[in-house]
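Using the sequences and the hints, build the whole thing.
Chains as they are written, first to last, in the working numbering: chain V, 572 to 904; chain B, 572 to 904; chain Y, 572 to 904; chain R, 572 to 904.
Treat the hints as calculated values from the structure; they're not laboratory data.
None of these values were measured; they are calculated from a predicted model.
Each hint should be verified, as a subset may be incorrect.
Pairs count within a copy or across copies, as identical chains cannot be separated in the list.
As the list claims (entries may be wrong) - Within a straight-line C-alpha distance of at most 27 Å, the following computed DSS-like cross-link-like pairs (lysine-lysine) qualify:
1. 863 to 670
2. 646 to 670
3. 606 to 670
4. 763 to 670
5. 617 to 670
6. 617 to 763
Protein chains: 4
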Amino acid sequence: MSGNSIGQLFRITTFGESHGEALGVVIDGMPAGLKVNPDDLARELKRRAPGQHEVHTSRKEEDAAEILSGVFEGKSLGTPITVIVRNTNQRSQDYDPLKETYRPGHADRTTMLKYGHRDHRGGGRASGRETLARVIGGYFAGLVIPGISFFAYIEEVAHFRLSGPPRDHSVDRGEINIPDEALSATVVAFLKDCKVKGESAGGVVTISIRNAPAGLGEPVFDKLKADFAKAMLSLPACIGFSVADAFSTARLPGSVMSATSSTFGGMEGGITNGDEIVLKLAFKAPSTIGEKAKAGRHDPCILPRVVPVVEAMAKIVMADHFLRQSAYDSFHS
Amino acid sequence: MSGNSIGQLFRITTFGESHGEALGVVIDGMPAGLKVNPDDLARELKRRAPGQHEVHTSRKEEDAAEILSGVFEGKSLGTPITVIVRNTNQRSQDYDPLKETYRPGHADRTTMLKYGHRDHRGGGRASGRETLARVIGGYFAGLVIPGISFFAYIEEVAHFRLSGPPRDHSVDRGEINIPDEALSATVVAFLKDCKVKGESAGGVVTISIRNAPAGLGEPVFDKLKADFAKAMLSLPACIGFSVADAFSTARLPGSVMSATSSTFGGMEGGITNGDEIVLKLAFKAPSTIGEKAKAGRHDPCILPRVVPVVEAMAKIVMADHFLRQSAYDSFHS
Amino acid sequence: MSGNSIGQLFRITTFGESHGEALGVVIDGMPAGLKVNPDDLARELKRRAPGQHEVHTSRKEEDAAEILSGVFEGKSLGTPITVIVRNTNQRSQDYDPLKETYRPGHADRTTMLKYGHRDHRGGGRASGRETLARVIGGYFAGLVIPGISFFAYIEEVAHFRLSGPPRDHSVDRGEINIPDEALSATVVAFLKDCKVKGESAGGVVTISIRNAPAGLGEPVFDKLKADFAKAMLSLPACIGFSVADAFSTARLPGSVMSATSSTFGGMEGGITNGDEIVLKLAFKAPSTIGEKAKAGRHDPCILPRVVPVVEAMAKIVMADHFLRQSAYDSFHS
Amino acid sequence: MSGNSIGQLFRITTFGESHGEALGVVIDGMPAGLKVNPDDLARELKRRAPGQHEVHTSRKEEDAAEILSGVFEGKSLGTPITVIVRNTNQRSQDYDPLKETYRPGHADRTTMLKYGHRDHRGGGRASGRETLARVIGGYFAGLVIPGISFFAYIEEVAHFRLSGPPRDHSVDRGEINIPDEALSATVVAFLKDCKVKGESAGGVVTISIRNAPAGLGEPVFDKLKADFAKAMLSLPACIGFSVADAFSTARLPGSVMSATSSTFGGMEGGITNGDEIVLKLAFKAPSTIGEKAKAGRHDPCILPRVVPVVEAMAKIVMADHFLRQSAYDSFHS
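Structure (structure tokens):
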């Protein structure tokens, strides 16, 4: 009820403060008998990890995942899967001056207003670090729906924008998840410059989902687009959600809008129609700027690391709706 | 679980097909002892009703609300409040040709794919008519949080756009919920023309929420912005959600973005900070166009009637989070 | 959240005060395409209705069920099914003296302590009349699991006790649901005498469930026995729950207990094993006694009317667990 | 949804197989600012631990609890509290012969029927070992409701029965939780003899709850008695639940039953009335008997160790209902 869980049949519960002992996730509702590959899980975590690229925070963490339950002899048991990651690189003393400091745009002040007590060493639960638990959840969600393909990438950073046709799921996403070599190089240079200047940047991440079966999503409050919106807006720094190009589509006359089914973004009435699903997500620039950003262990732009998290959230939503629909398979087919 | 409920402590469950016997709502979690005024409820329903303005569908319905439970001697009992509205104007025969027709952008086809059976006389549960149940829920939600002010209005229709500073909650919203006399007249003329031509239009609705107490919203999945996003994207035709000007804010450098707190849209870390909350919602144009739109009982643009529904959804989310936080008041203060 | 719903995938929400406008139920999670027979529904309601037998309250109600949503052309739509029953026979004036009276063993006083406001004309939500909404829910639950057989009957009233082997589901349950002609006649005479004297009686209801598939129920908190216990203890006047003869079985040495599988009551580890499920439920005598009971419209013993309600609750629990398990059918088989 | 969570506002999710890496619990909905004392937690765990008394299994485990999240500087943060206990004494090889053996009365066979895959080394999730996670949850629940007193003890073992008046919460419960010196000695001797013979015994545990505020519990499905019943029946081997002496009370005439309020067991209409709450729980004898019981690491009777688990479950239910009611405090008082 305190909102650390998401999903109905496939449900993840995350726990852990950014500077506590460990972060982790409990995945309930996993089917039994699915093969679990720890190397694949480690690879997903590495995609999100800090320190992978020089445009990121210098905070290097190993993020070694330990599976505590729910897997036996390499296969899921159908019981809750719990995975934890120890915080090995806490260096709390770095953060002592923050005890009395509320960073704008962070949850620091609102956490105090809400609870009257907080772990001042970091963002607590509101930290970007919490998202590693979501990536773990996403890995297991993916095992439930192996036939559906998820592909996210950066479409905009600051005033830079990817152009051209939509990306195929097999293209190389490059070193920072921008699937265009020239633009990627430009943005890398821009972000390095941001880091030097203590500046930061936001942008837009796009996700494409292919091969989703038709009929997923519920007709009223649990429309698939609604559950996607909730999942994405629950990400730190995410401030906008759009089915395909929603804010442009909104300006189109009905005759134009309905002439091409791609404006529907793969959903009609909130239910999948079998077409490609396309979602776009706006992320604001990190609030940490100036001297603090130059000195500290901060990302000038979180988008490169957000890409695998967006995929994870999409997988979690789809696995949940897949199981929800499966409950009725014997009746509706 | 089939997604006809929303909210945790303050929870509404809606029911009814657009052309069935009745639509309605069960409101569970209502505090006891609150005064209920049927006239106020009727006024809210009238704001959403068809036939209020010549730019709307000619389908005129009375939408008379009947309270079946939960209210005694003019006050809530703390038990479920159930309100129904009979469908008095079904005229099913009008819809017979639709039996084999799947309207693009509607749930017609996806409903058949999902259930293998549908009420072809209308949109069923995916119909805009379902939203009257949400308006009823919103009226009762408003009683839980009387100190919080909600004000929604149309910001864009097609290529028309409201300019100037944000609107005060006391301004006149005009005949179609555009709080600018000149623009309102222009858009009314435009929509009349759409109706003649069988064209349709989408746009953007903005909602401002004032006097929300700080500390509402949960730090992870149930961030207030996430629950707002879900509530809004659960509306038919809603395809985009934005905290303040998200897709523009995403392009701002951190130094600019964090220089003005209004870019935070009243929430930090997903929790209210006491500032004004501003959300923007993109709606696509109705898919019904051409001869069918000219002949039928359809809105060329749903935005004027969506405004009270957006307010209702915002109230439902806020009432729920207010009660959720209240559970901890004795501990956290 | 205020506890007017039960079930996860198959979920019913009941509403209505005993002396308000109407009582009813919303059934969410119903599969689409199932044939609905209003006559069958009416028959189930009649089994629970007052005034069917002279040992009952003289309060005669028609309990005409009206289906408001979720059924089209005789089949379920997969959308919420809402059914209401108007309270035609309220006669509120009969209850005016009760305004200041808190009946012992009823919710009268605790309702005031909890809410500070109540509908004094009857038991409000805690009334036995609320159970008609459960019978409606049970009818629809039964459509989901047509192959499972439910058979409840009275095993004890006061000091009278049914003896002999377990009852076959096809035997005649007699006029008051005691499947033994001689005992039934004795108890009818006893209850008539109770009515004359203003006395009341409690007892035990047994339910047998046959042909349940193996594998239903979840291993930890949602064990099938746990969900049955909750469902049954949620009935007014129900104060005890027992898997088979629990309180006798508890005294058996393990060597005797495990020698016969019938002591397991059809569940091992809280999961069905395919055997017959047997549950026994203790109900206390109505608290209304003396002059009030002689004068009023009260049952000296509610057990004869509780039998169909017990079956309904069992069906609701089983339909829910059946759907929950179905979600994993494609993985686990 | 797979049933590894219980509670609404105060919710625990348990995880871990009896012979996996670790067991644990996530507690969501804990208020912030409450003092956490690891020694108190360890003491509760020790009460449940095996090897405390010679009548128990010889399987000695340390059950060292590690708090991974949610506590900072000795106080709760309001974030999820996760506690794990490593399985240090797995000795899986002892269990190899069990791979193909389904123990009667255990979940072994039903787990295979349900999932098609299981951890044959022990009871998996259905093991009594899972209950240590509940004891941890109960410790934290107790911090939420420090004014309410919980006292459980053994009332019956096999044919031995505690007599005399109800026990005060301050009496010594003796070495095996039987608060009567003579009876305790008799039962200890009896259980030692059981162990020698490979026999096992069940019985009845009683719990008394004092100082509960009036008004807790919801009027329909979430009656307090219903949530207690679910919580208790979710315990392994628990097969019966009774409010006070339900199955005896059921035989009393209404005139006798309602003459003494103690028959109501502290609840009227499912809501606390401020009186002492008394619940009785039947547990069957362990199914493991004969040579296996003599050789193995098994309890001839689980009741002595179940007592702290029963208290934990009661605390979890009460903490949840206390918070649920608190959400409405500002309205109803």
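Status of the hints after comparison with the structure:
1. 863 to 670: Within one copy only: 15 Å inside, 59 Å across.
2. 646 to 670: between (44 Å within a copy, 16 Å between copies)
3. 606 to 670: Between. Shortest inter-copy distance 20 Å satisfies the 27 Å Cα cut-off; intra-copy 45 Å does not.
4. 763 to 670: neither (29 Å within a copy, 58 Å between copies)
5. 617 to 670: neither (30 Å within a copy, 37 Å between copies)
6. 617 to 763: The answer is within: 21 Å in one copy meets 27 Å, while 55 Å across copies does not.
In this structure, the earlier hints numbered 4 and 5 are contradicted, and the remaining ones agree with it.
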